[in-house]
Amino acid sequence: GAVVSQHPSRVICKSGTSVKIECRSLDFQATTMFWYRQFPKQSLMLMATSNEGSKATYEQGVEKDKFLINHASLTLSTLTVTSAHPEDSSFYICSARSRESFLNTEAFFGQGTRLTVV
Amino acid sequence: GDSVTQMEGPVTLSEEAFLTINCTYTATGYPSLFWYVQYPGEGLQLLLKATKADDKGSNKGFEATYRKETTSFHLEKGSVQVSDSAVYFCALNYGGSQGNLIFGKGTKLSVKP
Numbered sequence: 010g011a012v013v014s015q016h017p018s019r020v021i022c023k024s025g026t027s028v029k030i031e032c033r034s035l036d037f038q039a040t041t042m043f044w045y046r047q048f049p050k051q052s053l054m055l056m057a058t059s060n061e062g063s064k065a066t067y068e069q070g071v072e073k074d075k076f077l078i079n080h081a082s083l084t085l086s087t088l089t090v091t092s093a094h095p096e097d098s099s100f101y102i103c104s105a106r107s108r109e110s111f112l113n114t115e116a117f118f119g120q121g122t123r124l125t126v127v
Numbered sequence: 003g004d005s006v007t008q009m010e011g012p013v014t015l016s017e018e019a020f021l022t023i024n025c026t027y028t029a030t031g032y033p034s035l036f037w038y039v040q041y042p043g044e045g046l047q048l049l050l051k052a053t054k055a056d057d058k059g060s061n062k063g064f065e066a067t068y069r070k071e072t073t074s075f076h077l078e079k080g081s082v083q084v085s086d087s088a089v090y091f092c093a094l095n096y097g098g099s100q101g102n103l104i105f106g107k108g109t110k111l112s113v114k115p
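Just so you know, the sequences run in chain order A and B. Residues in the first sequence are numbered consecutively from 10, following our numbering. Residues in the second sequence are numbered consecutively from 3, following our numbering.
If we strip away everything but chain A, and leave its shape as in the complex, we get:
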């Protein structure tokens, strides 16, 4: 199947700093990428949807100035957590859909990033 690589897998940062998470589709062109966040013992919650070359669409309650998403190419999307605080500590995971998976409704996931803000 298609491969999505997410980096880093773990990051610890100081409160007030910014952290960038990368999501790459390695063997297909990702026309749409999704960013999810998972709190302990909770569902994966969709944060935003990004289409290549256009602004991301954020879900209600997600601060777009806090969670900056860039989808500059068909193989790369980034999520930047700006001025991180301990409450931003969470598991972030991306997924990508290709033109082909459009019809199959399947999305391919990265391995996730565990962010800890101290």
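Hints are supplied without guarantee of correctness; some may be wrong.
Below, a list of computed lysine-lysine pairs in the DSS-like style, where the Cα atoms sit at most 25 Å apart [as the list claims (entries may be wrong)]:
(1) A:K23 <-> A:K75
(2) B:K110 <-> B:K58
(3) A:K50 <-> B:K110
(4) A:K50 <-> B:K79
(5) B:K114 <-> B:K79
(6) A:K50 <-> A:K75
(7) A:K29 <-> A:K75
(8) B:K79 <-> B:K62
(9) B:K58 <-> A:K50
(10) B:K114 <-> A:K50
(11) B:K114 <-> B:K70
(12) B:K107 <-> B:K70
No lab work stands behind these hints, which were simulated from the structure alone.
Fit chain B to the known structure of chain A by using the hints.
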């Protein structure tokens, strides 16, 4: 709105035991249903799916049947292995260009030798 409810874990079984992880959904339309699996340190992987009522998805010995009358998509396996230890997520979506997935909370399965 649409939602997915799956049984709380963790679930601990002995090797070769029978597995059932319950999943029910609430949907306004006719979604596709999925089971994803997340092995330790890895991303979610599609385990199986069903796109319409009465369809049965199957893969690696796991099965789930799309039951519209009970709005359920329970995951079953007749004989689990230690290598099946993972977190299992039930999900739904409607496809289309923005068909994002709605997930359950995940169920952690631990299989002991």
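What are the numbers of the hints that this structure violates, sorted from low to high?
9, 11
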